[in-house]
Amino acid sequence: MELAQIRMFKTVADVGSIARAAELLHCVPSNITARIKALEAELGVALFLREGRGLRISPSGQTFLAYASKILALTAEARRAVDPAAEPSGPLRIGAIESSATGRLPRLLAKFHKRYPAVALELTTGTWGQLLDDTVSHRLDGAIVAVDVERAHLKRTPMYREELLLIASTSLGPVRDIADLQDKTVFMWPQGCPYRAALEHWLLRQGQALPIVSLASYGAIVGCVSAGAGVALVPKGVFDQYAKGAGCAGYEFPELTAIDNLFYWHENAGVHPAREAFVAMLREEFA
1 MELAQIRMFK TVADVGSIAR AAELLHCVPS NITARIKALE AELGVALFLR
51 EGRGLRISPS GQTFLAYASK ILALTAEARR AVDPAAEPSG PLRIGAIESS
101 ATGRLPRLLA KFHKRYPAVA LELTTGTWGQ LLDDTVSHRL DGAIVAVDVE
151 RAHLKRTPMY REELLLIAST SLGPVRDIAD LQDKTVFMWP QGCPYRAALE
201 HWLLRQGQAL PIVSLASYGA IVGCVSAGAG VALVPKGVFD QYAKGAGCAG
251 YEFPELTAID NLFYWHENAG VHPAREAFVA MLREEFA
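full-length UniProt numbering puts the sequence shown at residues 1 to 287.
It cannot be assumed that every hint is accurate.
What the hints assert, rightly or not - Distance condition first, Cα-Cα at most 30 Å in a straight line; then the derived DSS-like pairs of lysine-lysine:
hint : residue 1 : residue 2
1    : Lys-37    : Lys-10
2    : Lys-155   : Lys-10
3    : Lys-111   : Lys-244
4    : Lys-155   : Lys-114
5    : Lys-70    : Lys-155
6    : Lys-70    : Lys-10
7    : Lys-236   : Lys-114
8    : Lys-244   : Lys-155
9    : Lys-184   : Lys-244
10   : Lys-111   : Lys-184
11   : Lys-236   : Lys-111
12   : Lys-155   : Lys-184
13   : Lys-184   : Lys-10
14   : Lys-70    : Lys-37
In case anyone wonders, no lab produced these hints; they're calculated from the structure.
Sequences and hints are given; from them, build the entire structure.
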């Protein structure tokens, strides 16, 4: 079993196509086909199921994929560990919830790229559960989420506190207390979002039941609020980034306490200069 075979297998599994994998790995498709068949022969199982001209990963392939990801991650770690004092370089895969990616990270990402041009930074957005799963599986080198949970094989550290603002179109007039929300529609991320949970708990404590429309986009949420269709609860970073300039006003309520955003990484990730430089810049930016 060779690393080249494992890398070919994982690339095909990731992109779902031998032809596309060949482009990414800069080799001919027939070479990948032959190397994967040799790997299957050595393992004694089919890693892919051939269906006409296509293929899909087999159950055994899914099992082997988890180990292949770990093997390649450990190989990358071993290379980095040889020269831990080297300038950060190579790939860095960071995940972040949408509010962090749109509200807090743009300026930091530009600053990071300028300081460490040799790092190929890749940012992925998703739900907090998905991002943590991807970090456990070594598909991400780290993730920023707004929940503080125990997750096997992951370490975490607080990065910054995100204040919450209720936003409404300036055309609706000021929102002084919860009574001003009567008959208003609330636009929020779908269930599972910690900011939505904070809003729902607040409304419940105040004895209010307002209709909530689920939108998985802060752009759409701000657009609806800006048009006067209702209100929303957003992180201050999102408000500062573009809700303030969209004809929206932000209102603070003491019951809506700030929520910690944390950075998670795999406990077995080892030395990773690029990731450590990114975390250091996060602390520097939001201290």
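- Holds or violated: are the alpha carbons of Lys-155 and Lys-184 at most 30 Å from each other? violated, 41 Å
- Item | Pair hint outcome, Lys-70 versus Lys-10 [Cα-Cα no greater than 30 Å] | Measuring from Cα to Cα gives roughly 11 Å; hence the hint holds.
- When you check the alpha-carbon spacing of Lys-244 and Lys-155, does it fall within 30 Å? Violated - the C-alpha atoms of Lys-155 and Lys-244 are around 35 Å apart, more than 30 Å.
- Given pair status - Lys-10, Lys-155, alpha carbons within 30 Å: holds, 25 Å
- 30 Å Cα cutoff - pair Lys-37, Lys-10: holds, 14 Å
- Task: For the pair we were handed, Lys-236 and Lys-111, check the Cα-Cα distance against 30 Å.
- Result: Roughly 21 Å separates the two Cα atoms, so the pair holds.
- Take the C-alpha atoms of Lys-236 and Lys-114, compute the straight-line distance between them, and say whether it is at most 30 Å. holds, 26 Å
- Holds or violated: Lys-155 with Lys-114, Cα cutoff 30 Å? Holds: Lys-155 and Lys-114 sit about 28 Å apart, inside 30 Å.
- Restraint status (C-alpha distance of Lys-184 to Lys-244 at most 30 Å): Between Lys-184 and Lys-244 the Cα gap is close to 20 Å, so the pair holds against 30 Å.
- Message: Need the status of pair Lys-184, Lys-10: alpha-carbon distance at most 30 Å?
- Response: violated, 49 Å
- Query: Keeping to a limit of 30 Å between CA atoms, is the pair of Lys-70 and Lys-155 held or broken?
  - Reply: Holds, because 17 Å separates the two Cα atoms, which is no more than 30 Å.
- Has the given pair, Lys-111 with Lys-244, been kept, meaning a C-alpha gap of at most 30 Å? holds, 23 Å
Violated hints for the displayed structure, listed by number in ascending order: 8, 10, 12 and 13.
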